[in-house]
Amino acid sequence: NAGVTQTPKFQVLKTGQSMTLQCAQDMNHNSMYWYRQDPGMGLRLIYYSASEGTTDKGEVPNGYNVSRLNKREFSLRLESAAPSQTSVYFCASSERTGVHEQYFGPGTRLTVT
Amino acid sequence: QKEVEQNSGPLSVPEGAIASLNCTYSDRGSQSFFWYRQYSGKSPELIMSIYSNGDKEDGRFTAQLNKASQYVSLLIRDSQPSDSATYLCAVSLGGSYIPTFGRGTSLIVHP
Numbered sequence: 018n019a020g021v022t023q024t025p026k027f028q029v030l031k032t033g034q035s036m037t038l039q040c041a042q043d044m045n046h047n048s049m050y051w052y053r054q055d056p057g058m059g060l061r062l063i064y065y066s067a068s069e070g071t072t073d074k075g076e077v078p079n080g081y082n083v084s085r086l087n088k089r090e091f092s093l094r095l096e097s098a099a100p101s102q103t104s105v106y107f108c109a110s111s112e113r114t115g116v117h118e119q120y121f122g123p124g125t126r127l128t129v130t
Numbered sequence: 106q107k108e109v110e111q112n113s114g115p116l117s118v119p120e121g122a123i124a125s126l127n128c129t130y131s132d133r134g135s136q137s138f139f140w141y142r143q144y145s146g147k148s149p150e151l152i153m154s155i156y157s158n159g160d161k162e163d164g165r166f167t168a169q170l171n172k173a174s175q176y177v178s179l180l181i182r183d184s185q186p187s188d189s190a191t192y193l194c195a196v197s198l199g200g201s202y203i204p205t206f207g208r209g210t211s212l213i214v215h216p
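The listed protein sequences correspond, in order, to chains P and L.
The opening position of the first sequence corresponds to residue 18 in this note's numbering, with each subsequent residue numbered one higher.
The opening position of the second sequence corresponds to residue 106 in this note's numbering, with each subsequent residue numbered one higher.
None of these hints come from the bench; they were simulated from the model.
Some hints here could point you the wrong way.
Said to hold, decoys possible - Just the calculated beta-carbon pair ranges, DEER-fashion: (1) S131(L) - P56(P): 19 to 29 Å; (2) S35(P) - N127(L): 24 to 34 Å; (3) L86(P) - S125(L): 19 to 29 Å; (4) P100(P) - K172(L): 21 to 31 Å; (5) H215(L) - V105(P): 38 to 48 Å; (6) Y176(L) - V105(P): 36 to 46 Å; (7) S35(P) - R165(L): 14 to 24 Å; (8) E162(L) - Q34(P): 18 to 28 Å; (9) G70(P) - I213(L): 40 to 50 Å.
Ideal Cβ placement from N, Cα and C applies to all residues, glycine included.
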């Protein structure tokens, strides 16, 4: 099992460009999450999907959109990238609602210039 | 406003010593508590989960939970240089099924 995979690993964007970060899990988990991690700020929740077909905002959703494509895949889209979105992005999954143990992907390091 | 608090460190301990990492949280109704380890440039990795007051041991790791005092701690016995990492505390505040993460404590184990 690969667990949680993310693509790409690194990305450099210019201000105003758009891109989609991909995430997939092969653990048959129901819930999936997108976090960003900035120095000194810890992990902050952007969006989550409790189950296939549902998505909800987290702590810092502005500037992002998400799609739960199917049970395995959860993508994060930046429509018009800004330098403030320079960060490391982690996707995570958990077995089901109410089971809180999360498993993280390797991360995407995004730089917006 | 972060409601899960950790000392950012770094906490420096000699090899073989016990490292003690602490975390406090704001919501008395919290039910689920987690410790993650994150090596530099890597993703967080779950070490321990604890749900009941008291101690939970797993190898060299012991999680301690005191809900009345609203803190959870992680003890690492016989610390090794390979334990050098940032340790993240996560708490499901108020019964939320999505944990809130603290900012992490950097641990350095020196030979």
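Next item on the list: Of all the hints given earlier, name the ones this structure violates by number, lowest first.
Entry: 2, 3, 4, 5, 6, 7 and 8
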